[in-house]
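**Q** Here's the letter readout for the chains.
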Amino acid sequence: MSVLRPAATMVVGFTLIVGLAVPAILTQLAGAVMPRQAGGSLVERDGRVVGSALIGQNFTGERYFHPRPSATSAPDPQDSSKAVDAPYNAAASAASQRGPTSQVLLDAVKERVAEAGPVPVPGDAITASGSGLDPDISPENAARQVARVARARGLPEERVRAIVAENTTAPALGFLGAPRVNVLGLNLALDTAR
Amino acid sequence: MTLLGWAQIASVLALVLAAAVPLGRYIAAVAGGRVAWLRPVEVLLYRVAGIDPARGQDWKGYALAMLAANAAGFVLLFAILRLQGVLPLNPQGLSGMSSWLAFNTAVSFVTNTNWQAYSGEVAASYLSQMAGLAVQNFLSASTGIALALAVSRAFARGGVRELGNFWADFTRVTLYVLLPLAVVLGLAFVALGIPQTFSGYVTATTLEGAEQTIPLGPAAFQIAIKHLGTNGGGFFGVNSVHPLEGPNAIATALQIWAQAVIPFALCLTFGRIVGDIRQGRALLAVMVGFVVLATAAIYAAEAAGNPLLTALGVDPAMGNMEGKDIRFGLPLVALFTATTTGASCGAVNAMLDSFTPLGGLVPMFLIQLGEVLPGGVGSGLYGILVFALIAVFVAGLMVGRTPEYLGKKVQAREIKLAMLAVLILPTVILGFTAVSVVLPTAASSIQDAGPHGLSEMLYAYTSAAGNNGSAFGGLTSDTPWLNTTLGIAMLLGRFAYAVPVMAIAGSLAAKAKAPDSAGTFPTHGPLFAGLLAGVILILGGLQFLPALSLGPIAEHFTMLAGKTF
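Sequence lines, in order, name chains L and W.
Per the UniProt record's numbering, residue 1 is the first one in the first sequence, and the count goes up by one each step.
Per the UniProt record's numbering, residue 1 is the first one in the second sequence, and the count goes up by one each step.
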């Protein structure tokens with residue numbers, strides 16, 4: 001039939017053009033001009049990759065600022081057909097996907113509020129992020145953790161507060177997006193602070 | 001809601017409209033064959049394909065060519081997804097998709113839906129993403145734009161049979177419109193932090209000594225076309241919420257721009273093709289009006305927060321943050337959500353399943369209104385033209401005149417076909433949802449109890465039939481039942497809509513184009529825009545009201561009453 005040849009030609013031809021040639025050239029170009037961004041904005045310390053500046057990671061120790069709750073999971077090492085909680089598992093991004101009237105959500109929030117100290121608690125501190133990998137916390141959330149981190153590190157609160165301020169990003173162009181504190185950047189700065 | 005929030009929304013929308021004007025003019029030039037800076041590539045494709053781009057096709061020939069191109073795309077993509085385990089560019093060693101999942105995914109990307117029953121970083125190799133899924137992101141978008149150009153030509157002149165050449169439109173739109181925009185946007189995305197590499201995933205050792213696997217891939221270019229083509233399928237599982245897919249507020253603003261600019265521009269292209277730019281502006285005004293209202297509704301609902309959480313001691317100042325990352329802020333989440341569902345894109349920068357009931361109702365309703373506000377690239381334009389025909393028909397009934405649109409008499413045949421197209425959506429959405437909530441194998445996919453569970457299922461078929469692709473993600477959709485029926489819903493929503501529309505175009509093209517007279521109902525003013533908005537709301541929306549009442553609206557009131565499930 002007369003449409004088969006053009007249909008096959010177009011699909012194969014465009015696969016070669018927009019599916020292989022152009023992205024291959026673009027990948028080379030991006031890697032040459034912007035290797036850091038093209039490679040996932042990796043962060044190294046002492047020559048070892050400790051994470052990506054864009055991806056959150058889990059912190060539970062007293063000495064570190066803690067990220068938001070994360071709903072990511074991983075296969076159970078005992079039984080790979082089941083999943084177990086694995087916060088900040090970047091190999092499988094996920095959200096809780098719980099609806100606003102879900103009892104499961106409310107139970108989780110209740111537990112987190114109880115752990116989070118005095119109420120009212122900032123919204124980001126007790127809700128799971130959309131990616132499960134949110135690299136940021138709100139400045140309000142960070143401020144509530146200053147005293148704990150300062151105590152654990154034996155640093156003056158003023159000093160910790162200053163490091164938080166240095167790692168706080170204002171909205172882009174002064175008005176786009178929300179103010180935020182990058183948790184990995186902040187904790188890296190703390191590790192080198194004295 | 002804050003003034004600063006509205007400043008964000010207004011400035012992004014202003015950039016979209018500012019770009020839509022020249023882009024609309026440019027697409028009209030491409031459609032007229034007046035752009036030729038990749039002429040050698042274009043000619044080579046025509047020569048191998050054995051076609052003459054100057055030879056016009058009637059509506060049947062045009063539609064048949066469109067179906068053939070899409071069928072070929074489906075076959076190739078299905079094969080790549082099944083065979084990805086033995087194909088190159090698979091550094092993670094992922095295995096081939098099951099046939100259910102490959103069917104669903106291939107249909108999904110060919111129909112410009114990009115419903116994803118898989119998670120990108122877990123189940124799709126770099127080759128599948130780049131040379132499979134991303135190619136269909138281009139081609140399904142070109143398909144939609146080509147159809148819209150053909151339909152536009154039906155109104156341009158009188159007494160013609162031919163609507164253009166599908167292969168020429170398809171090739172030119174891909175080469176001259178989508179490809180250059182995607183290259184520029186892709187590079188901008190890399191600069192903002194989206195990866196573009198063939199390296200495998202990186203294992204990092206976190207500060208607390210744990211191992212973290214960081215997924216990578218040739219993502220930026222694919223994400224550029226994913227928005228420009230209103231496809232919406234994420235490179236990574238959680239789509240544009242993923243920090244590597246939506247690294248910051250500028251990136252999310254650019255993605256909003258990209259997913260809205262071509263649908264808006266095509267209204268102006270239409271105005272140029274029919275020789276009266278005011279006609280395009282009237283359609284554009286209706287679309288923009290709905291987008292602004294929807295954004296306001298989502299913004300208000302999400303900023304108010306979840307009263308059930310407030311009662312537990314949560315500060316409501318940040319709004320409803322479950323399922324949202326911090327960096328974008330609520331205003332850009334609201335605008336993203338309104339444009340992604342209004343425009344049949346389906347990308348998300350926050351998880352809709354965790355929106356407040358009313359915040360989640362708005363995106364679902366925008367899809368149910370027919371994906372015309374502004375709708376997918378091309379499909380939005382031909383969709384709103386169907387509503388425009390019905391609007392002049394309604395106006396004609398009121399005054400007892402034979403309705404006309406742009407000098408073309410609208411008669412029984414066109415209205416029958418228009419109603420056939422418009423009825424596809426409610427039939428497929430409500431029919432499949434009704435069956436799926438009573439059928440145990442289907443209903444077991446629902447995650448949340450109570451009215452929210454119905455919303456999850458209703459949203460899935462709404463998204464599939466509307467070729468949107470966003471989801472209430474709690475639903476477990478990778479099952480044989482849902483993969484198959486959602487696949488069928490996508491096919492019907494795309495092709496059972498497009499073919500009647502092409503038949504309307506063929507019928508209208510053949511009619512004489514009557515000059516304006518004193519009795520002509522002007523279709524470029526506020527009166528027509530208001531009538532069109534009313535027809536979209538009543539005809540598109542009313543049949544979904546009972547289902548929405550049992551889902552999100554019921555959930556809203558139970559939430560206010562403090563009841564949980």
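Be aware that a few hints might be false.
Stated by the list, open to error - Stretch by stretch, here's where chain W covers chain L in the computed footprint (C-beta under 8 angstroms, at least three residues): (1) 75-85; (2) 118-131; (3) 149-158; (4) 170-176.
Said to hold, decoys possible - Listed next, the stretches of chain W that the computed footprint assigns to chain L, with coverage defined by at least 3 CB atoms under 8 angstroms from CB atoms of chain L: (5) 113-125; (6) 364-371.
Just so you know, these hints were derived from the structure itself, not from any lab.
The model shown is predicted, which means the values in this text are computed figures rather than measured ones.
Glycine included, C-beta positions come from ideal geometry on N, C-alpha and C.
**Q** Test coverage of the stretch 170-176 of chain L by chain W using CB-CB distances below 8 angstroms; three residues minimum.
**A** It holds: at least three residues are needed, and the stretch 170-176 of chain L offers 5 whose Cβ sits within less than 8 angstroms of chain W.
**Q** Are there at least three residues in the stretch 75-85 of chain L whose beta carbon sits under 8 angstroms from a beta carbon of chain W?
**A** The restraint on the stretch 75-85 of chain L is violated, since only 0 of its residues have a Cβ under 8 angstroms from chain W and three are required.
**Q** Under 8 angstroms between beta-carbons, do enough residues of the stretch 118-131 of chain L, three at least, approach chain W for the coverage claim to hold?
**A** holds (count 12)
**Q** How does the coverage statement for the stretch 113-125 of chain W fare against chain L, requiring three or more residues with Cβ below 8 angstroms from a Cβ of that chain?
**A** holds (count 3)
**Q** Just to make sure I understand the rule, a stretch counts as covered if three or more of its residues have a C-beta closer than 8 angstroms to a C-beta of the chain. Does the stretch 364-371 of chain W meet that for chain L?
**A** The restraint on the stretch 364-371 of chain W is violated, since only 0 of its residues have a Cβ under 8 angstroms from chain L and three are required.
**Q** Do at least three Cβ atoms from the stretch 149-158 of chain L come closer than 8 angstroms to Cβ atoms of chain W?
**A** violated (count 0)
Comparing the model with each earlier hint shows violations of hints 1, 3, 6; every other hint is respected.
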